[in-house]
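Chains as they are written, first to last, in our numbering: chain A, 1 to 219; chain B, 1 to 365; chain C, 1 to 158.
No wet-lab data here; the hints were simulated from the structure.
None of these values were measured; they are calculated from a predicted model.
Glycine included, each C-beta is placed from N, C-alpha and C at the ideal position.
Some hints here could point you the wrong way.
[As the list claims (entries may be wrong)] Listed next, with one range per pair, are the computed distances between beta-carbon atoms: (1) B:307 / A:140: 48 to 58 Å; (2) B:286 / A:171: 19 to 29 Å; (3) A:50 / B:343: 46 to 56 Å; (4) C:46 / B:96: 47 to 57 Å.
[As the list claims (entries may be wrong)] Stretch by stretch, here's where chain C covers chain B in the computed footprint (C-beta under 8 Å, at least three residues): (5) 194-200; (6) 285-298.
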Amino acid sequence: MNLLDFARGPALKVALAVFCLGVTWRILGFALLRIRRELSKPRASLFKTMAGGALAVGTRSWPHREFIGRTGPGEALGYSYHIGLFALILLFTPHILFLGSLFGITWPGLPSSLITVISVLTLTLFLAVLFRRVNNPVMRMLSNFDDYFSWFVTMLVIVTGLAATAHIGAPYERLLGLHILSFDVLLIWFPFGKLMHAFYIFPSRALNGAILTRRGAAS
Amino acid sequence: MPLINEGLTVGENLRLHGVSRRAFIKFCTATASAMALPPWMGTAMAEQLRHAPRPSVVYLSFQECTGCFESLTRSFAPTVESLIFNVISLDYDDTLMAAAGEAAEAALAEAMKDNFGKYVLVIDGSVPTGAGGAYCTSGGRSAVDTLREAAKGAAAIVCVGTCSSFGGIPFADPNPTDAWPVTAIVADKPIINVSGCPPIPEVITGTLLQFVTTGQVPDLDEHRRPKVFFGNTIHDRCYRRPFYDEGKFAKSFDDEGARNGWCLYELGCKGPTTHNACATIKWNGGTSFPIESGHGCLGCSEPGFWDKGSFYAAQSSTEWGKAGSPSPRRALELGGAAVAAGAVLGIASAGVSRSRQHQSERDES
Amino acid sequence: MSRLADIPIRIEPSVAVEPLIPVGGLGGGVVAILSELVTLLDRLVGGESPGAIDVRSLPMSPLDRTELQRALGAGEVQATLDAQGRSTIRETRVSGVWWIEHFDQQGELIAEMIEVARVPAILSSAPDEIAASARDLRARIAVACGTPMGGGNHAAHQ
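Bound-form chain A, shown alone (with noise of 0.2 Å):
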């Protein structure tokens, strides 16, 4: 069995296994925890309690006026990052066409041409982002293995992808099978590190927005 057979194959199975055992823990482990006995009267409905959640997803989405000055750019580039990194990941016909094969729904993708420019402006991105987390005396002192690991292993797949649409270094199917293999390592990854942050953010962010605003406080 060659790399590729076993990337998309075996590997695969037991990525995406793990993927979907280790995001249900996760995501169950938090969701039936205990929320503090609220002792002060609401304030708002229950609706207006929902709604203000529902609410504060948006509004942490940026940050307050007063910090835009300082926490812009690293906003700006984690947005930018993400939009190209969804474009490239859902937009790509291939890519698609995996999904598709998944849940059995496919929808019409990007030109080829500009996934790859895309592609080439995340990668970029992505070092930028590396580089402010190293330099940045604040952020390296809260970064740990889990942000720099979380880094690289999505980089790894963002590189082997464009390797393989380039054809770059060594023959196709290796590249490809490098890729698929990639993924496979992200997405074991995935649900013991940072990157769960992708089911957690919203969550959060409602639930803290409910609170708040049941309290009568600003969210």
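Once you've looked at the hints, dock chains B and C against the given chain A.
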């Protein structure tokens, strides 16, 4: 065809069959051009072969469908490629030779003895080893024994077709006859794999011609296929590549995209991972090739292509299980089991966390 | 199903073609091939062996090909070879440069060469064939006259 006119050079034999020196130069020039060899090699090949005795070739067919041989011999009209049969001395081939039975076997034994160490052994078909080799026998001898015997005196072995190169369809899951490619049986001779199901005739003749002229094995890739023909993938040379780059894919056979000649990636084309010359040399004397005719590449020159999932599932789609189209039910079963296991762990973790929360709340108050 | 060959190509009319080779306005690819031909011609003049370029090995668009043919022009000699299909050998306006097309019996183009030589090799007769033909002819004359020719050559070879 074989065994008559012994002792004649290639040139003399050609003339006897009405092929002039100049026609032979044309043939060699065309072959050299197809193999991307420098122009002077065509003339040099012709000149060298003309004065040489006809190289002896023994063609043995094992567990095969004869498609490879048909590809080589069946043409609409005599083509330049068929001249190869005037160049070589095909001393044994059970499909073409007039002799049969004991006479044929005697011809084989004599050819191998007379040309020991010098004949080119051409094999098509895989070699079954199950039941002591009984699944493929000829004249009471099993294919595996015949192969081992014939390989002893061969200068080189040319495996024609995916079956002899990689095992092919008999080798596909579950391989009931325990079939193997030639490389698994013979280890001590130079082996050239000309894979394809079937291979393009010009690829077969070009490889044979180059070997009998130079006596040297051409540059081979990691699967022992001549790089000059198998160095590029179909995708690299496909004329529909601009559509792939633009993201224009046909969604189903004969839909609007298909009629406009758009890329067949979504219809299962395995072009990106298939190495062959179909997109450049094409089939039937340059008429067309599968993608040009509207069907995706099957990947027939690659090892194990029968077991790589559906011919109609896109290459990037998942394939669960061997030798078949993706099985959604199995995916759901697997996913469901994983989610269930995760749920158990999640509930357990939550339970532990909750008790700690309870504990800390009690400690606080 | 659309093919590359179906895409219409419009060839821009170049400057008025003189009998001499027009060098202005030629594409880079064509100029590169012409340069290689010059190198081969120099070698031929210097006494080295003839050379050739395989046209099908060059990545040329149909436009480039037409430009190249017009740049080389047509010479005085055209020869047709009938051997397992037709071949055409045309001298170009450039002395020593010959354009050769080989077709098979179905009329498909199987090889295309630009040969740099005094005369393309395929046109010449081979020494061994000449010797054999001399023997044959002598024998035929002998049969026709009814007497063996003198000189010790017998009508042996057939």
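Tested hints:
1. B:307 / A:140: 48 to 58 Å: holds (50 Å)
2. B:286 / A:171: 19 to 29 Å: Between residue 286 of chain B and residue 171 of chain A, where Cβ atoms are some 27 Å apart, the hint holds.
3. A:50 / B:343: 46 to 56 Å: Since the Cβ atoms of residue 50 of chain A and residue 343 of chain B sit about 26 Å apart, the hinted range of 46 to 56 Å is violated.
4. C:46 / B:96: 47 to 57 Å: Distance hint for residue 46 of chain C, residue 96 of chain B holds at roughly 50 Å.
5. 194-200: violated (count 0)
6. 285-298: holds (count 5)
Hints 3, 5 from the list above are not met by this structure, while the remaining hints are.
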